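Asks: Please assemble the complex out of the two chains, which come individually in their own frames, going by the hints.
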Amino acid sequence: MSALRRRLVPYGLLLPGTVWLLLFFAVPMYFMGEMALRSGSLDTGGFTFSWEWGNFDEALSGSEEQLLRSFVYAGLASLFALLIAYPLAYAIALRAGRWKLLLLFAVVAPFFTTYLIRTIAWKTILADASPAVDVLKFLQIVPEDGRVLATGGAVVAGLTYNFLPFMILPIYASLERMDVRLIESAKDLYASSAQAFWRVTLPISAPGIVAGVLLTFIPAVGDYVNALLLGGTGQTMVGNVIQSLYLQQRDYPEAAALSFVMMLAILAVVLVYLRLAGTGAFMGDEEESR
Amino acid sequence: MRHRNPSTHSRGRAALMALLVLIFAVALAACGDDDNVGGGNESATQVAESGPVRGEITISNWPAYMDTGKDNTVNEFQNEKDVKVDYVEDVNDNAEFFGKLRPQLEQGESGGRSIFVVTDWMAKQMYDLGFLQELDHADLPTVFENLRPDLQSPSFDPERKFSVPWQTGLTGMMVNEQLAPDVRSVNDLFDPKYKGKVTMLSEMRDTVPLVMKADGVDVDEATKQDWLDAIDKLREAAESGQIRRFTGNDYNQDMTNENVVAAIGWSGDTSIIENEDVRWRMPTEGCIIWSDNMVIPKGAPNTAAALEWMNFVYEPEVQADIAEYVQYVTPVAGVDEVLRERDPALADNQLIFPDEEFTKDCSTQPDPPGSAEDRQEVTEAFQDVVTGRS
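Respectively, the protein sequence lines represent chains A and B. Per the numbering used here, the very first residue in the first sequence carries number 1; after that it's consecutive. Per the numbering used here, the very first residue in the second sequence carries number 1001; after that it's consecutive.
If we strip away everything but chain B, and leave its shape as in the complex, we get (with noise of 0.2 angstroms):
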């Protein structure tokens, strides 16, 4: 290229510019009637339509929260009611999952969903930014008939305006028996005899009340500097490496494998933890009783058919297939019953049909208290415990 011509060359040059120009004119056209990003959807409340039931819906869900093999649920309800439903697992993290369907919820729009499964601080929030429908009690009777009275009225929806619990479940320690006998409270996974064994979960929501209910807060009434408190007890345990490593659902595997002695953990995964030893314990504290709820988004097509679907599940005979399944507390009353007839010794399981008495000291899951920059602090604050950053 030594002896270029340069009138091509520059004409060349000054085609590349051109098509530069044009490129970042057309971007920034594209973002020129969007200078606000992020935001909520603030028109008016709007109640999830009921009428006939028909056509189709599509449902997100968390991965295993439903069997769904050849006889399922999904596919009685399509026999009994003429309703074709697309049943999709795509809901790992509520963080990552309300990331990702963000911007098509500011335009209300859902995606085509008319169905998603979070957990309860993120319905909340979905809600507060206007992103979701209310239901009207009268289109949902079986469930109001069969909700459990304990999670009739939770602090996050106390009229169970937005919100349908799919299933609940516990938070607090899973511990391997042999190893770690001793383990009984939250304190005792700083107990520096089972250094760089033990893990938390990346769940903050778990992982801090647990932690500020074993130094006797309560959490109902912790105020912020006692989530930033129980945060920097945290701190300290990551860097003097106590708490070997902050999780999501892989704490199985080191549990499996004994990397870990005790964790943190939730109580439906003993039925994937393959080691014998390894075993949910309460906390001599309490636990965190947390629910995944059905929610309709705004946009949502056909809501006739999704009321539809949550009575559907919360008759006791169709819930007990999934109570079966996935083995976390049932939020239908009377499922416990239909089950001791399939299999008594299901129905005597602590984890899945609790009684009052061995909850007596749990907490509904709470979320850091204040306004959104208070949250914001204290969620900083935790995920620069979990990154490692100073």
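So that you can see chain A by itself, here it is in the shape it has in the complex (with noise of 0.2 angstroms):
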């Protein structure tokens, strides 16, 4: 008896899982595939059924562009996130000491107002004539005559804004559990603060970095809120044209091919990311990097 339930533990464990992920994405997935096959239009008589693999060819014709955009978009607002996080995540963890509450709850804080008024709220911080543009333009950031809204520049910031606690967070889980006396140690065995980084503290800290990078990346590229406030007609992504060819268009069908083709695009270039960054540092393999 002790020993049936024992083998069956691990299976009653998976259970809440695996209904989770069958019903809300294998099934909608399944819908959303057959979805991509059908034909027809829904002012003369709907969609009906019929292996129409062109949708996926129509679908990808034209929007190549928007495509491209948004996973140069999203790896730029990863990368400039981890840029920020980092130090940010470093200084929290390692050096804030009494103030680290205070400083975590300040990263999480701009969550409790909606994504959508802080992205508007930002329409407002990035205007023509605010004073923010005028530093930028002082500093010869931004040419005399030019402006922020409206181009590339205010989407990807915008996307490193909204993502960025999700990028700070794992990072600052992995150093906080780091033991600091290994630094210690790199030192004792004549390691500079730099060698002691590189050799030390980096690897640790690499399953929050491979975390982070993923829970940046994967929405940032789907996501069209950014785009659709803070950009312009040259700056939108794949999100906005998924959007308007199932509510504007009703073009049901090659909406779904469409969201098909983001998905794969997705896995595949993170499956790339896992292979290069190594599933072992996303796993935490401890023996490797310590």
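It is worth saying that the hints were derived from the structure and are not from the lab. If you're wondering where the values come from, they're calculated on a predicted model, not measured in any experiment. You can take every hint at face value.
To spell it out: a stretch of chain B is covered by chain A in this simulated footprint if at least three of its residues, at any positions, have a beta carbon under 8 angstroms from a beta carbon of chain A; those stretches are: (1) 1088-1096; (2) 1235-1243; (3) 1253-1263; (4) 1368-1376.
Among chain A residues calculated to face chain B with C-beta under 10 angstroms, some are: (5) E65; (6) L149; (7) G232; (8) T233; (9) N240; (10) L247.
For every residue, glycine included, the Cβ atom is placed at its ideal position computed from N, Cα and C.
Replies: What follows is the structure in structure tokens.
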């Protein structure tokens, strides 16, 4: 009896996750895939299933630019988020002392306001005649007759800002549990501060970085709010095209096909990334990193 | 997990597979009797039934399209007619609202709503698909006594068989008179002087006809090619950076912050834009006149009370409250006299009570001509410009 129970426990533990995955991932995927192969139009009798592979062709042709742009913007946003998040997480985890909780709270605090409102607030901050843009012009980052809103810069900035906490928190978590004596030992063994960082701290925080990049990159690729509010006609991302296909053109099959292409592209990029970054780092393979 | 028990492992996997197969079977069965997603409701015409006015109704309208404060029109109606009204502001976008409701409409249901408010072209599409009930004018005496004469027979519903205007409005230009004093025609929006300082509406039926008018096209007679030509002109301007963005209501913020000095915009919005220099301007070649209409969907509960609501808001005294609040163009004749006593400035406002001279060059909001496929082609071309697709 107890042996049987012991054997069943892992499956019992897996059950909620499995059911969740099936109901909210596998089944919707099935419906989406089936919709992507339908043909027809809503105004003339609706969509019928007909193995219409042409939808994929049509969805892709014309959207290549948006697909590519989505990956470039999301990649840049992840990179900038990493550059901002790492020093911040490092400072909070190792240098903040009694301010640690307060600083962590400050990282999460923007979440108390909705995403949409925060992005709309950026429109005011980056308005053409705003002090922020005047400063950027003074520093020659933005040309004298230039602007920030409705440019790629504004969209990338919005994405970076909106997903920053997802980068900070995992890196913080991996640095927080690091044993600082390891750095001391490195220094005892005549490592310079820089060497200690590159050979001890960074490898230990690698799982946090990998997780943070995934949590930032994946939602950023599919995001359409930042491009809609902060971008112009030349900054649209694949999410904007899907939204237009679905709600304005009411071409559900093409929208479904494009969503599929986007998911596959994300999957491919993430697999390559994990391959390069090493799943060991993601799983926190301690023997390898220590 | 190096020393797994192989038998448990395969049994577990078998169980998982079984579950998977089961769920897929359920999914297949669920859509088996629904091989066709979409399509209309082709059953016979249905006329909204009148009768004793009582019970409850649900009304769907756009946000800020009526004062929902304490002494509002709904409360007045409830007190006077012994009907309980659930007034919901859940229409934000014609296409989006229709997309959301469509599965229910196809089943002959209205999601509990007795009335909803949609723009001309949307009402027409819903009617053509057989989703709306027809209205017997005998049940709507107050409406047809007070409906403005120029709204009695619009091209999309010449006999007002299925639609009753809620409010109407003008699409023209929103101009910052300090920064863009010389913008008088829609063609001036294409002046390189204002490159990147101009926005247009993502509502195709507002933007494209205005561009056609500026090029001298009679929008009522416009061909599909005229629409596509205007869209090409927009594409060029978007690609060159002349047009900064295509927007919904959010152009208001860009006008307030002076990111944009001139835009295609709606007449009622001047009250929302917090910038003294911004005025709505009638383009020299005229404007687009649209209306949002009350319609009764098939499957609507309590149509008697819904018809009574239509009559109620067409009483000039009642309509005056609505007009005073929303500041669009009221469809009810005689409201100006009521308002003159309350606030003479409102009664003289051309954007609320435009006279014939003011709107003489304006056109009723048109739909792209031709079949459903032609319309789809035009919509697609326009959406490609909005989303920057090539």
